[in-house]
Structures are given as structure tokens and as C-alpha cells.
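So the sequence lines, in the order shown, correspond to chains S, W and G. If you count the first sequence from 1, position 194 lands on 194 in the numbering used here, and the numbers rise without skipping. To convert a position in the second sequence, counted from 1, into the numbering used here, add 358. To convert a position in the third sequence, counted from 1, into the numbering used here, add 801.
Among the hints, a few may not be true.
What the hints assert, rightly or not - Cβ pair distances, simulated, as ranges: (1) S/207 x G/805: 47 to 57 Å; (2) W/526 x G/963: 32 to 42 Å; (3) G/1109 x S/14: 52 to 62 Å; (4) S/313 x W/611: 51 to 61 Å; (5) W/796 x S/37: 52 to 62 Å.
Unchecked claim - Taking lysine-lysine and the BS3-like style, the derived pairs with C-alpha atoms no more than 30 Å apart in a straight line are: (6) G/935 x W/610; (7) W/638 x G/935; (8) S/302 x W/455; (9) S/129 x G/847; (10) W/481 x S/302; (11) W/704 x W/481; (12) W/759 x G/935; (13) W/559 x W/617; (14) W/455 x W/794; (15) S/93 x W/758; (16) W/794 x S/93; (17) W/617 x G/847; (18) W/738 x W/794; (19) S/302 x W/457; (20) S/302 x G/935.
Keep in mind the hints are simulated off the structure, nothing from the lab. Computed from a predicted structure; not experimentally measured. All C-beta atoms, glycine included, are put in the ideal place defined by N, C-alpha and C.
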Amino acid sequence: MFYREAGQFKTSYKADQALMPILQDRVGLTVILLIAFVAIPAFANDFFLTSIMIPFLVFSLAAIGLNVLTGFCGQLSLGTGAFMGVGAYAAYKLTTIFPDANVIVMVLLSGIFSAAIGAVFGLPSLRIKGLYLAVTTLAAQFFLEWCFIRIPWLYNYNASGAIEVPHREAFGVVVSGAEATPIVRYFIVLCITVAIAYLMANVLRGRIGRSWMMIRDMDIAAELMGIRPLQTKLMAFAVSSYICGVAGAMMVFFWLNAAEPSSYSISLSFQILFMVILGGLGSLGGAFMGAAFIWILPVFLKFIPGTLGIDVAAETVEHVTFMIVGALIIFFLIVEPHGFARLWQIGKQKLRVWPFPY
Amino acid sequence: MMNFKQFALGTAVALGVGLSGAMTPAAQAQDSNYVPLLTYRTGPFAASGIHIANGMHDYLKMLNERDGGIGGVKLELEECETGYNAQKGVECYEATKGKGALVYNPYSTGITLQLIPKAGVDKIPVLSMGYGLSAAADGTTFPWVFNVPDTYWDGASVVIKYIGEQEGGLENLKGKKIGYIFLDAGYGREPIPLLEQLAEKYGFELLQYPVGVKEMQNQSSQWLNVRRDRPDYMVMWGWGAMNPTAIKEAVKIRYPMEKFIGVWWSAGDDDAAAGGEGAKGYKAMNFSGVGRDFPALDDIEKYVVGAGLSSTDAETIGGTLYNRGVLNSVIIAEGIRTAQELTGKKVITGEDMRMGLEALNLDEARLKELGLEGFAHPMKVTCEDHAGSNPVFIQEWNGKKWQQASGWIEPMTDLVRPLLEQAAAEYAEKNAPWPKRTEPCPN
Amino acid sequence: MLYDIFIDPFVQMYDMPDFFLQVLWEGFVAGILYALIALGFVLIFKASGVFNFAQGIMVVFAGLTLVGLNENGIPAYLALALTIVAMGVLAYGVERVVMRPLVNQPDIILLMATIGLTYFLIGFGEFVFGGEPKQMITEQLGLPTGSTAIEMGERGLIILQHIDIAAAVIAVIMVTALGIFFNKTRIGRALRAVADDHQAALSVGISLNQIWAIVWFAAGLVALATGIMWGARSDVSFALEIVAFKALPVLILGGFTSIPGAIVGGLIIGFGEKIGELYWGGLVGGGIESWLAYIIALIFLLFRPQGLFGERIIERI
């Protein structure tokens, strides 16, 4: 009823191969983009922007990055946090070496460094797969974390060992540092995330994306059909790490303002992995939904009792949050192992046939 | 299964709706002074954090219960759990700053570093009592950051001075080996520049043993290294689960405990107790009162803990870290009081609070009035000096409890101060354009 | 430089034999504890193909329950018995609530479910017993606490902690008991049958659910023993969780399905990282312990992807 593609005829191949062939999808996306670009900046307060929207977008981007690797190419990685860290440290070094360059460009360039490092740590994937590969990516995680601590050059020999984002201007406004307004930072993060998501949506349905999916579904068969596993897998690692690196750089430049090595620890890797799994492996929309769930739910649980006037000790809230998040993860995995993306599909089906059950 | 999925879908939708409705900020209270407390009672640093959180909370709560707040205005307290995690700390900051927060006490060097640039922009002072960025002692560069009564560099200089006294003079340090075991994070690395400088000046060898945050409970390698190098003294900058583990390991390798000295954050009662009998003789610096023979602490027990208004276990009142939390709250409360006097307002803002802290003068008479005679060394904050570099004493663990083991030892101010100023200038240069101080001096 | 890497460490080993032996002993003890955590992983992986990430947290949870009950006035041995009961309840609950509905899901989903379980147990444990680290009740449980120093004449001395010796003895007893259990009892054989082929096991009348509850319980007992031993060395707190990651390279070395592999792998990692850290770590600034184990495992994997004792991986289209 509400979501019916019947009657929408395509008269050209171009129309049939469009990113969103169905009218309702296009309308839906437009509404979401309008909310993101117009409604939220117009009505949201600083807390909503800095503590909910910016982290949500950053994590969505990181989840897209990991989804490329795990969801589309089938290579399980637990090193996401470290790859994000590489992006952050690279962006920091770049902007301190070239203080006059546009910091947004630097953030985008920093992904190249993490892509290179991701490709190096992707090499074992040629011989190892599945859980074994996950353990080797842990090697990347712990080794890189150690580098962030023990190579003082990376943080410009700061006594604190942390990277602190300097004040930078671009296009006449302050974009990073403490004076940057939340709204400016939000727009930058939003634009980068939307642009990369759009790019990836097109890459994934093209030749490259399809070759990744062949490797995921059956690597030996893919090899027999002429897909070169070396290039394909390494490209997946590189692209995934690039996106994660950009997300990591945005995390420190437009959200946190300073970062310690522990900001990019193993728990970040798990957080991103949760987003990908709960959102749905192999779904871009799922990455957004997973990020929303994993990031916003704890914030919500943390601040809601206070606003409702219920007096609960801070640590109890924290403990209960852990329990609820853990239980919900298990719950959603049992109910729908394919994640929110699948739930959304089921929802669309319901809308399609409503008011009839079938 | 289908019903199950519908249910899940429903939950997801309901949650989304709930979220969108819930994100309106809380109304600002106008008849009270709002003090957010960033604390951590969970995570690997909870062991230390719980006592600090209890001490901070209980003293301010006691003022509410006994005196009806400060200057007749109640304090509105809110704890926000950070888990010693910089991200969560920033989240707490963003969530609470809109409610008229007066001052932030991050209790984590990592969170402090993130808040320092924000403090001046949002006009809310940061009080990092005895931790955080040492260079922030330079009030002309960092008008919004306070680290009374001491910086880590003051502390490091006191340790070396004390070791020098034990050896019969600083000149006897020549050729000695001093080991430095520290938490490998911003916190533990902060004193290294000063220690290196002192090593050069007095000719001792500084051996570093970093302990990764992940390896806190697994320090056998570091202590094996200590056993091989046989340093004459060990200095520790530890926190959370690192402290008890280090003391246990030191006992295990039979390191002479009387030559093992911790910073004031490695001075918890539980930390030392973990080593059992063998920990006897372990020393730590301290600047807040030992024991519980203070009238103010009795009041806390009477009005707060006894009345069931706190999660504190009555036995832990008077512990080193609990008292540290109390001292922190004393500084907050005195800051508010001073601000009220200066501005004539009852309900103050972050900017007033900054002036109050800058004019803070906690002398002996005032401490006595508060029921805390001898609880801390008198301290005074000035425009230029936000730390004060106050004297510190050494306490010793006798197997059961802490005992004061030395008089007040002055830090090497003549050496530390120029370094602080230099570091502040470097910080401002690295973070250029760092805003110039625009706030006038109150005194 | 080359001298520092290739010659100096060996000279040091020769010059200070007491220290070298002490390092070996520390490596041995650490290895035993890694092996015990890995053992829990192996038990569950063997029987159900689940890579149980929550094993590390089960170690903490078991230790915390034991200490927490004791703190609330329950005598040590009774607390121990109650903790065993709690681990049984946990095993049954996990089987009923998590494992059974997730039968036949891909590996990664099961892995995620156990990470979800990890979160839940962290929250639950802290909620019930509080977040602060606790002292292990070593003495009350009748475990030794002292230490012995062995003099080596002029060459120095080696200090052996009695609790470490006890840990080694308990680990040996536990592995032997598990070996007998697997090879000689009816349930043990059923376990191996399930490990080999779920469907075949089902068709000869083995109850999968019962078997899974039993392995989770066995893993819970191993976790309890590990929790007591590790807790006696440091404190019982959730910071221990990170140590559990070390069990992963151990598993890689030993193979996911081999009990002797877990022991041997644990010892290799234990020795490797202590010797590496103490003799070579200083060259790069120390702290290489945090990743050395993973790199050893990684290099090892490149040559033998199935681990030392693992079954050969054969893939068909």
C-alpha cells in the first residue's frame, strides 16, 4: 500500500540501473537528507550535535569501512580501531607539517596512510581466513597501538603523549580546535560521510564490489572465474582502511579535539564490529542503523534517568547500560542474525502488502 | 519466528521514537549552584576512583545538609560516570555544561587535556587538583585551568629531594640509579621531562619502566627488569589497578620497600594493603590529611553517611584517597564562597567561579574554621600561579595504616617554575593561535 | 646494533644465569595461565564450534563471584561450592538462552553473541559485586602464599612463589582429569562425537543441548580455577579481561581443537614473550610484550595455518 513499486515503469536501461530505482526510496532518502542538512542544524542544540550526531556520523563512516571488508569481502577484522588511529595520527602529522593547508583535505589525505598500512596487514589474508584472520588483525591492533605510544614523533613529542588538534581555519571559518562551532563541525562530518557513502554505494554495485562479493561467497570459485584474490583482497583491505582512517581522523579533528592512544583501543574495534553485525553485514544502510543503535542507546540510557527525575547512582546506570546493551545484542542476533537491514526489508514488505498480511 | 521479528521491529521503532523525544535539555535550575562531578566507579581505575568520588560527593553533600549549601544557596550535585575514558568524559562535559556548570574535576589527565582548550571558550574553569597538565600552573597562559596545590613536576622534585635527604644530601645522588615505574599514558609521562633534567643536574641515572594500560595487572616483566637493574630507589606514578599489582610485585622480588616511593595517587589504603606484611615501609607523597581525626569528617559521617545519603562505607572515611576527594571539594566550596563574596551574587556562574578560584586563600585559620586543622598545607592561588607549588609530606605504610613519615617538604620551585613557564609557552605555540589572557586579575 | 640484537642478549643470559632462570620461570607461570584460559576456549570450540570470546570474562566473573560471596560473610569453601553452582547456572542459562536459538548460524554471529555475553557479564558482575578490584581469598582457600628462594651458590638466587607452583600443579591435574574425562567416560565420548559431526551425533541419540550445557560448565570450572590463580597473582578485577586476549595467539599456535595444543601453545607464548621482552624489548623502548605474542602467532600462521596440533584444513568447492 505505502511502498508499492507497481506502476513505476522504466523506459531506459539507465533508469533501470539507477541507484534507487523505486520512487519511494528516492523520496525517503530526500527526506532524510533534508532532515540532516536543514532540520537538525536549525533545531538541534549543541549537546545533540556534539554528543550524538557527530559521533553517530563518524561511527557510521567507520562502520561502512569495516562493512566493505567484513560484509562485502568476507574478511573478519578486529583491527578497525588501530586503522582509525593511523588516520588520526597521519592527519595530525600532516596538519602540523603543513599548517597552512586546508585541514579537510588533510583529513581526506590521511586515509591514504591507513590504506597503505591496512594493505600490509591484509597480506596474511591470502593464506588465512575466518577466525584465524581475526587474530592476525589483532596483531595489527596491538602493534599499532604500541606504535602510537612508543613513537614520540607521531605525537610531536608532546609531554602528554596525546595529540591535540590545533586551531585551523578553512574557507574563512574555524573548522577545528576548541573554537570551532558544533554546527560547522557537523556540516563537515555530514558532507564527508554522505559523499563517501554515495561513492561506496556506487563502487559496491560495480565490478569491484561484485568481485569482493565473489571472494566472500566462495573464494576458490571466484579464483577459477578469473578474480585475482591477491589484488581483490588487498584492495578491500586498502579501501576499508582508507574509510576507517578518514573516520578516525574526523573523530579526533571534529569530535574529540584531542586523542590518546587509548582512544583507538581494541574496544573501539569491537564497537565498530557490533555496529556492522547488528546493522547487517553487507548493507550500507545497515551501517547507519547499527551505528545509531550502538552509539545512541548508551547515551540515551545514561542521560534519561536524570531528565526523568529518577535518582539512580551514576555507576548503577553504567552497569545496567552494559547489561542492556549486551542482552540486546544477543536478542537481536537471535531474532534476526542479518541485522537491522533485514528488519528494514521485512518492514518494507509489510508496508507493501498492508493492510493485508500477505 | 515471524511474530518474534515483528516484535523486534516494533522495539526498534519504539526506541527510535523514544530517542527523538528524549533529547531535550534539562531545564536550568536558577536557585542553586550546579556542580557536576565527573567520576568513575567502573572500569580498571575504579579501585582508586570510587574513594575519590565518595570523598568529593560526601563533603559537598554535607555542606548541603549541615549549612544548607554555601552562602544560603544549595548545591546541586550530579555525578557523571566517565570510566576514565576520554570519550565518555567529553560526553559528560557536553551533557552537563549547558546546565550552568561551575567547575569541572575530570580526575583523568587524558580528559583534562581535552577540556583545557574548551574551558576558555565555554567559560567554565577546570580544577585538576594535583594532576593534569603541569604547565597549566602558569595562570597567564591558562587562566581557566587550576592545579592547586601542586603539579606533577613539583611532586617529582620533592621525591628527588627526599631521596637526597635519605642519602645525606643531593650531591650524594651522583652515580645512583633511580627507577621510575609509571602508567604509560599522559599521566605517567608528565613528570619525565623534569626527572630527566634533575638526573642531568645531580648526576643520577634515571631508569624508566613503563606499564601499559593493558598490562597494568601483569607487571612481572617490568619488575624482572627492576631485579636485573637493581636501582637504588624506585619511584612510582601509578593509578587504579596498577598500584596494588606493583606493590605486590615489589614484595615478590624482595625489593626493599622503604626505598620505594609513590606519587600521591599511589597512596591508597587498598593499594598498600594488597602487599600484605611485606609492603611495610612503602612510602608515598601526600598533601591531604592522614586519618580521620578531623571534625569535618565527623560531620560527614553524621549528616551524610550515617543518614544513608551516600554510598560510602563508613570504614573508608579517612582513607588517603577519600580525604583527597574531600580536599578537592573543600577547594570547590571555598572557590564558590570566595566568588560569592567577590561578586555579591548568591547564584554564580562559571566566570565568577574562575575569579573565586583565582582569589582562593585557604589559610590555617580558615582550615581550622572548616574543622580541618592540619588537613592540608595552607594554599593560595594567584593570577600568575595556579598551582602554588605547596609543600608535600611523605607518608609510610606500617602494615596496617598510613603514618606521616616526614615534615612538609618544599618543592624545588626555583627549578620547576621556569620550566613550567617554558612548557606553557611551548603549549601556546603548538596550539597557536592560543587565546591571550583577557580576564582581569581579582587581586 | 647487530651486536645488540644477536650477541648481547646471549651474553647476558650466560652472565646472569639466576636471572635467566627466573625469567624462564616467570614465562612458565604466565604460559600456564594463558594455557588455562585457552583450555576453556578449546573445550567449547571442540564441542560446539563456537569461538567463546566470553571465556576471559568468565574467568573474572568466577573469581569475582567467589570473592564477592566471601566478602558477604560466606565461608571460603562454601563460597567456592556456591560459585561452582553459579557457573553451572550460567552454563545452563547460556545454553538455553544464547546457544540453542543460534544453532546453525555462521561463525561470526556466534562470535558476536559471545561478545554480547561478555558485555552482559561485565555489567552484571559489577552490578552485583561492585566495580572495585578485590583481593583473592588465597589463604582462606588453603592455597600457599609464601615464597622460596633457591640459592645458586655465588650466582644469585631464584625466587619461586608457592602460589605459582600450586598453579602449575593444578593445571597439570586439570588437564589430566579432562583428558581422562574425554577419553574414558561415556559423556566424554559423546562430547567427542559431537565435536566430530553434529548430525551423526544426533542420529545416534546424543543430546546436543545436554552436551553443550556440560561443556560450558566444564569451561566455567576451568575459568574458576584460572580466576583463582590469576586473582592470587594480581587482583580480581575487570582489567583482567585484556589478559584473556593473550589466549588467542595461544589458540592459533596450538590449534583451536587440541587440548595438548593449548598447553604447548601457552608455554611457547609465555616463554617467548618474557624472553623477548627482557632481552630484546629494551632495544625498541620496551613494552613489546603487548604485541609480541600476536606477531609470533602471525608468523607461525603463515607457515602452518592449522596450528601445531590442529586438524588439517581441507577445502572443497
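Hint check:
no. : hint                      : verdict
1   : S/207 x G/805: 47 to 57 Å : holds, 50 Å
2   : W/526 x G/963: 32 to 42 Å : holds, 39 Å
3   : G/1109 x S/14: 52 to 62 Å : holds, 57 Å
4   : S/313 x W/611: 51 to 61 Å : violated, 40 Å
5   : W/796 x S/37: 52 to 62 Å  : violated, 36 Å
6   : G/935 x W/610             : holds, 19 Å
7   : W/638 x G/935             : holds, 20 Å
8   : S/302 x W/455             : holds, 16 Å
9   : S/129 x G/847             : holds, 19 Å
10  : W/481 x S/302             : holds, 25 Å
11  : W/704 x W/481             : holds, 18 Å
12  : W/759 x G/935             : holds, 18 Å
13  : W/559 x W/617             : holds, 21 Å
14  : W/455 x W/794             : holds, 23 Å
15  : S/93 x W/758              : violated, 50 Å
16  : W/794 x S/93              : holds, 25 Å
17  : W/617 x G/847             : violated, 51 Å
18  : W/738 x W/794             : holds, 23 Å
19  : S/302 x W/457             : holds, 16 Å
20  : S/302 x G/935             : holds, 26 Å
Hint check: violations occur at hints 4, 5, 15 and 17; the rest are consistent with the structure.
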